[in-house]
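Colleague: Chain by chain, the residues run as shown.
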Amino acid sequence: MEDSNVERFSASTPKPRIGIDGGDDNKNWRRRVNGVEVSVPIVCGSIAFFRGKKAKEYRTHNWTVYVRGATNEDLGVVIRKVIFHLHPSFKSPTRVVDSPPFTLSECGWGEFKIDITIFFHADACERKLELSHLLKLNPEIYSGPQSPNVPVVTESYNEIVFPDPFECFLSRVINHPAVHVPKLPEGFNLPPPGVFLLWSLLNHLLLLVHGFHCNVAGDAGDESYYKMKKGDTKDHPLSHWFSKFSEADELFKLTATRQKVQADIAELKRQLVMVDVQPEQF
Amino acid sequence: MGGTDAKDILGLPKTPLSLTQEKKSRPQKESHRKPDGISREVYALTGGVAPLMPSIDVTHLKRPPPHDEKVAWQWLPVKSSARKDDLQLYHWVRVVNDVPPTGDYSFAKYNKSVDVLKYTDDEYENHLTDPVSVWTKEETDQLFELCERFDLRFTVIADRFPLSRTVEELKDRYYSVTRALLRARAQSPAELANHPLIKEPYDMTRDRERKRALSMVLSQSRHQEKKDAEILAEAKRITEMRLAARRAAEPDVPANENIGSVSPSSNSQLPATAVAPSTLTMADYASTLASLRMLHVYLRTYGLEQMVQAASSAVGLRTIKRVEQTLQDLGVNLKPKVPTKTVCDEHLELRKEILTLLNLQKQLQYKESEGSSHREGTYAAMPDTPKDRVFASEPFSFGAERPIKKEPKRKGPGRRSDTPSPAHKRPRKLKASDL
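Taken in order, these protein sequences are the chains called A and B. Residue numbering for the first sequence follows our numbering, beginning at 1 and increasing consecutively. Residue numbering for the second sequence follows our numbering, beginning at 1001 and increasing consecutively.
Possibly wrong hints are sitting among the right ones.
[To be verified] Stretches of chain B that chain A covers, calculated by requiring three or more beta carbons in the stretch to come under 8 Å of a beta carbon on chain A: (1) 1282 to 1296; (2) 1330 to 1338; (3) 1341 to 1349; (4) 1356 to 1367.
If you're looking for bench data, these hints aren't it; they were derived computationally from the structure. Just so it is clear, CB atoms sit at the ideal spot from N, CA and C, and this is done for glycine as well.
Kindly generate the complete structure, drawing on both the sequences and the hints.
Modeller: Here it is in structure tokens:
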């Protein structure tokens, strides 16, 4: 396995290469892959419903804050737990969600900034990631009294980037729909994730303790192994309020603008030339 | 006296203070008065503050000559121990009470010379014959004679030496001969141990190397200097960011293997992008990328922010605002709504291009406001000066632009004022040919 993994490629940029970390065989599961970037597209957002007739002074809205996959896939493959830090006026404001889907529902009256801390599985990253989301209960533009059937939805798209992922992580997630891995060059070999079955079985046991139903798949390569519990948000009750994010429009706008700017630059250069040339004629 | 008018100039009240000769007794007044005996300018050299120790006792200056002495100046002959010949020179001598000064000519002590060792023929045959190369006895004799004559100034000696030899070869021969002589003549090796020639013998190759390195440093072009400086700056920045990231990261985060991968890639990036107007910004990008990788996980929006900051690090706040204004005018979100990798890359490139655009606009404005006077300095400073490249590649591609060198006096239809450029916003200056 050693020699097949240490390969160099003259790809465009960058060169995928197994970085040596530690170096001894005991720790080769900690080797990083340089030049391959694993990204997880997520959407961080909130949906708030006015309670209508049931609204009281301090409980006017039911809201849900969440971190979901951009295509509603299960983020549990990468994320271990998410902590939502609510306003101190809430009881026990540090809410921990340690299984997907990473959503939190509450009832309140005020808008505030929710700090979100994401913790990853050990083979992905040992550092946590922080982001924040501004909870909106009232629509931007006042268009009459709020209807309890039409929520205020605030979502923002982002991507979690793992620049030099661990080998084991990469091989584990490479075919998962929630994770985007760029096309690896030909002949790039990763060790099969079977080696880490022990770790993942441990995960299984933890979930069993929580009383969730799970399918213990025989071989680790099976996709159903990941769906041992319904962690995706495809059928979430609020899923029809989720926005679809597509890069197409923005990308189109950006490339068109770039072309225009490039044309302007060319024009200016031409004018500069002419300004230079003029004095020589006298 | 200078004190009062200095105070007048400064507009200060004149306080009555008794003047004393000693500087030490007037700590506050230094800046307003100067002590007697030295001129104001000289006093100002010390910053207007008295020196800690009086360097000259003021009483020595501007003393009237003592009355009992009779001083006269006489034109007298000079006898100097430094001169070996009979030449008789004269100079003015201060004669006190009819007694001319005694002693040697005061500058004779500066006539120092080097003791170049002299060897006998025997000594030469026994110790000094050059086994390796081409030094004959005659040449060595000549060398030594020149050394004596020119006080070991080897550049002069090399010039005068009848055969052409390099300075290093001459030095080498002289020093090795002297060393051998010293060794041969010394009674015991101990007494030689401190002799500088024995302690640190001359090494010809090292001397050559040293001179070559110095000339390389001297002949470094400004471009080379800039590249060296920015490589060093980038390396420093990378190490600093790594330190910062390491401090923030968990203890078992592996950092070592990234060092190898990051620095060669960033170093190889630099020469390829040296053509870009600001190579320093490329170094910023490289180090920002490096620090992002050190985090091991980050949000795409955070990454974009960092890269935008790196792009803006070399420009002022006003330019950043202009870039953002331009983005808004063009209908582009300042922060992308769907920040995927491609979108972020495009966004960054767009920002860079807008920066270039603004730079060019500024250049054009500047040049047009300068009129027809050439500013060579400005041209030299812009590494991307388009006139050489663009003009050379497209001399005749613009509609009505006539070939410049051929017909400067043509007043026909191919005039510049007909140049079609509807997008040209700046009013053209009236030239004589337009009338």
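Colleague: Hint by hint, note whether the structure agrees.
Modeller: Checked hints:
1. 1282 to 1296: holds (count 4)
2. 1330 to 1338: holds (count 7)
3. 1341 to 1349: Result for this restraint: holds, n = 6.
4. 1356 to 1367: holds (count 7)
Of the numbered hints stated above, none is contradicted by the structure.
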